[in-house]
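S.K.: Each chain, written out:
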Amino acid sequence: MRVLNRLVEFVGKVGCFSLRVLADCWRPPWEIAQLFRRLAEVGNRSISLIVVSGFALGAVMTLHTRSTLVSFGATAMIPAVQAVSFFVEIGPLVAGLLLAGRVGSGIGAVLANMRATEQIDAIESLSIDSFKFLVVPRVLACVIALPLLTLFMDFSGLLGGFLSEEFSSHIGLQLYLSRAFDGLQWSNFIAPTLKTTVFGFIIGSVSSYFGYTTDKGAQGVGEAATNSVVVSSLLIILADVLLIKCIFFLFPDTAI
Amino acid sequence: MKSFGEKRVLNNVSFQIEQGEAVCVLGRSGTGKSVTLKLIMALMRPDSGEVWVDRDNVVGMAERGLSVVRKKLGYLFQDAALFDSLTLYENLALPLKRLTNKSKGEIENVVHRTLTDVGLGADGAKYPSALSGGMKKRAGLARALVLEPKILLADEPSSGLDRITASEIDELLMRRKAEHGTALIIVTHDVHGVHRVADRVAVLDKGDLVAFGSVAEVSQSENDVARRLITE
Chain A
0 MRVLNRLVEF VGKVGCFSLR VLADCWRPPW EIAQLFRRLA EVGNRSISLI VVSGFALGAV
60 MTLHTRSTLV SFGATAMIPA VQAVSFFVEI GPLVAGLLLA GRVGSGIGAV LANMRATEQI
120 DAIESLSIDS FKFLVVPRVL ACVIALPLLT LFMDFSGLLG GFLSEEFSSH IGLQLYLSRA
180 FDGLQWSNFI APTLKTTVFG FIIGSVSSYF GYTTDKGAQG VGEAATNSVV VSSLLIILAD
240 VLLIKCIFFL FPDTAI
Chain B
0 MKSFGEKRVL NNVSFQIEQG EAVCVLGRSG TGKSVTLKLI MALMRPDSGE VWVDRDNVVG
60 MAERGLSVVR KKLGYLFQDA ALFDSLTLYE NLALPLKRLT NKSKGEIENV VHRTLTDVGL
120 GADGAKYPSA LSGGMKKRAG LARALVLEPK ILLADEPSSG LDRITASEID ELLMRRKAEH
180 GTALIIVTHD VHGVHRVADR VAVLDKGDLV AFGSVAEVSQ SENDVARRLI TE
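Heads up: the sequence lines are chains A and B, in that order. Quick note on numbering: numbering that gives the first Met the number 0 labels position 226 of the first sequence as 225, and the sequence is numbered without any gaps. Quick note on numbering: numbering that gives the first Met the number 0 labels position 121 of the second sequence as 120, and the sequence is numbered without any gaps.
Bound conformation, chain A alone (with noise of 0.2 Å):
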């Protein structure tokens, strides 16, 4: 009964903490200037993690689906069943996942050792509004940099899946996507990157919690830098499959 009092007040405390987030967003003064801070930052830390996860990735998925469809005559499929992976499901909760932890454990460090050291308190003692000053361009720029950095994961994962296939069978880059995109609708591409706005929000937002809301001091940086990481991959894939559903109900043709 305890257990599920805390994860109840939890749930309501990060709700509340994300809806005001919501609020601020529309609320000047707009802090551009941290916002393209923040989304610098978010790039450079995870571009080089995205680009060669997803690549070998791509690498190690097209060697093992050839050595499925190879014993029925479909290696031809190959790239169509790369690129569809990739697109709907691999490259966005990938992406996602590798972000929370990338990203997430840094915002959720950074933010609790300024509370430890008091670097909080001092951006209020000079009028300055620390959750729209710290909090809100960190969710933002999540928000913006996933659905990028996922078309990075998505376009990495398919060119070591054509190296891969390249190696094996000499296909060619240009018959190798042709084939990928064959088959592939616009909306099998736009929804799933697009859903990766709310993992970007749900990335910033916990990891923002857990580290602007410590009291533990020094303590509190390592946990919160851990908690983000646990806690915002687990709502990245409870919400992905909501994500799924929804995506299904608006585009009833991606429900293959």
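Keep in mind that a hint or two might mislead.
To be verified - Here are the computed lysine-lysine pairs in the DSSO-like style, where the Cα-Cα straight-line distance is at most 30 Å:
| id | chain 1 | residue 1 | chain 2 | residue 2 |
| --- | --- | --- | --- | --- |
| 1 | B | K101 | B | K149 |
| 2 | B | K101 | A | K131 |
| 3 | A | K131 | B | K205 |
| 4 | B | K37 | A | K131 |
| 5 | A | K131 | B | K96 |
| 6 | B | K125 | A | K131 |
| 7 | A | K131 | B | K71 |
| 8 | B | K176 | B | K37 |
| 9 | B | K149 | B | K103 |
| 10 | B | K37 | B | K6 |
| 11 | A | K215 | B | K37 |
| 12 | B | K149 | B | K71 |
| 13 | B | K37 | A | K12 |
| 14 | B | K149 | A | K131 |
| 15 | B | K205 | A | K215 |
| 16 | B | K96 | B | K176 |
| 17 | B | K103 | A | K131 |
| 18 | A | K215 | B | K6 |
| 19 | B | K103 | B | K125 |
| 20 | B | K205 | B | K37 |
| 21 | B | K125 | B | K71 |
| 22 | B | K176 | B | K125 |
| 23 | B | K101 | B | K71 |
| 24 | A | K12 | B | K6 |
| 25 | B | K71 | B | K96 |
Simulated from the structure, these hints should not be mistaken for laboratory data.
Add chain B to chain A, keeping to what the hints say.
M.R.: Leaving out everything else, chain B in the frame of chain A:
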């Protein structure tokens, strides 16, 4: 009154300071000295009671009103609380950019002048991680003063510093008071500093204000803790 959970930190504290006056707040560790400063700055809210800055009671005041009141106050944090990701120049320029209509050139002048006042005129491009403890304290003081507040709240400005650096900080505070009429509320354990700076002394013990008066008055106080704190 202010409590944290079951623990009551402040119980019965009431005092008033005038413009241009320096009040040092003394007390044993954990008696609510820093909490008192945070209540004045409205970084915390008391469970009951009032905090008046000029004609405004900051308790229960909305954010918009608070931001007006806070412009009258400067706060030197115990560990300076400089923003890690900004240079010293940017630390001082931030409030000027946000809260004043000064041009870029004017902001540069004000920041340079304020840093020079605290002896850091050549260090504006440095990040806080590159500064010594004493330099951080001076930088924190510069940031607290950059908006020219009427009241400066200083939380242990000499803690962790050698006696010479501590007295340099005290001199900066006294100069500010003399030249600008800034009121000072200084939480400190440094008795030498109290004798140098304080017009009056407030002594807190177990959340109560047990003595308030000039250094001479407090050193003859009937309260044992107050007398020992100021004389030993």
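S.K.: None of the hints should be skipped; say for each whether it holds.
M.R.: Consistency of the hints with the structure:
1. Between the alpha carbons of B/K101 and B/K149 the distance comes to roughly 19 Å, so the proposed pair stays at or under 30 Å and holds.
2. Taken as a hint, the B/K101 and A/K131 pair is honoured in the structure, with Cα atoms around 22 Å apart against an allowance of 30 Å.
3. Note on A/K131 and B/K205: the hinted pairing is violated, with a Cα-Cα distance of about 37 Å set against a maximum of 30 Å.
4. In summary, the hint linking B/K37 to A/K131 is supported, as the alpha carbons are separated by about 21 Å, within the 30 Å threshold.
5. Our distance criterion of 30 Å between C-alpha atoms is met by A/K131 and B/K96, whose separation comes to about 16 Å.
6. Pair hint B/K125 plus A/K131 holds up; C-alpha atoms about 26 Å apart against a cutoff of 30 Å.
7. Of the supplied pair hints, the one linking A/K131 and B/K71 holds, its CA atoms being roughly 22 Å apart against a limit of 30 Å.
8. Proximity of B/K176 to B/K37 is assessed by CA-CA distance (about 21 Å); at most 30 Å being required, the pair is judged to hold.
9. The hinted pair formed by B/K149 and B/K103 meets the criterion: a straight-line CA distance of about 24 Å does not exceed 30 Å.
10. Distance check on the hinted pair: B/K37 and B/K6 sit about 17 Å apart at the alpha-carbon level, within 30 Å; holds.
11. Simply put, A/K215 and B/K37 have alpha-carbon atoms about 18 Å apart, close enough for the 30 Å limit, and the pair holds.
12. Between B/K149 and B/K71 the alpha-carbon distance is near 5 Å, which keeps this suggested pair within the 30 Å criterion.
13. Between B/K37 and A/K12, the direct Cα distance comes to roughly 24 Å. Compliance with the 30 Å bound is thereby established for this hinted pair.
14. For the hint linking B/K149 to A/K131, the alpha-carbon distance of about 27 Å falls within 30 Å, and the restraint holds.
15. With a CA separation close to 23 Å, the supplied pair B/K205 and A/K215 stays within the 30 Å bound.
16. At roughly 25 Å between alpha-carbon atoms, B/K96 and B/K176 fall within 30 Å of each other, so this suggested pair holds.
17. About 23 Å separates the Cα atoms of B/K103 and A/K131, which keeps this hinted pair within 30 Å; it holds.
18. Among the hinted pairs, A/K215 with B/K6 is consistent with the structure: their alpha-carbon atoms are about 17 Å apart, no more than 30 Å.
19. Note on B/K103 and B/K125: the hinted pairing holds, with a Cα-Cα distance of about 20 Å set against a maximum of 30 Å.
20. A threshold of 30 Å between alpha carbons decides the hint, and for B/K205 with B/K37 the separation of about 17 Å falls inside it, so the pair holds.
21. Annotation: proposed proximity of B/K125 to B/K71 holds, straight-line Cα distance about 28 Å (limit 30 Å).
22. A C-alpha spacing of about 28 Å is found between B/K176 and B/K125, which places the hinted pair at or below 30 Å, so the restraint holds.
23. In summary, the hint linking B/K101 to B/K71 is supported, as the alpha carbons are separated by about 18 Å, within the 30 Å threshold.
24. Simply put, A/K12 and B/K6 have alpha-carbon atoms about 24 Å apart, close enough for the 30 Å limit, and the pair holds.
25. At most 30 Å may separate the alpha-carbon atoms for a hinted pair to count; B/K71 and B/K96 meet this at roughly 17 Å.
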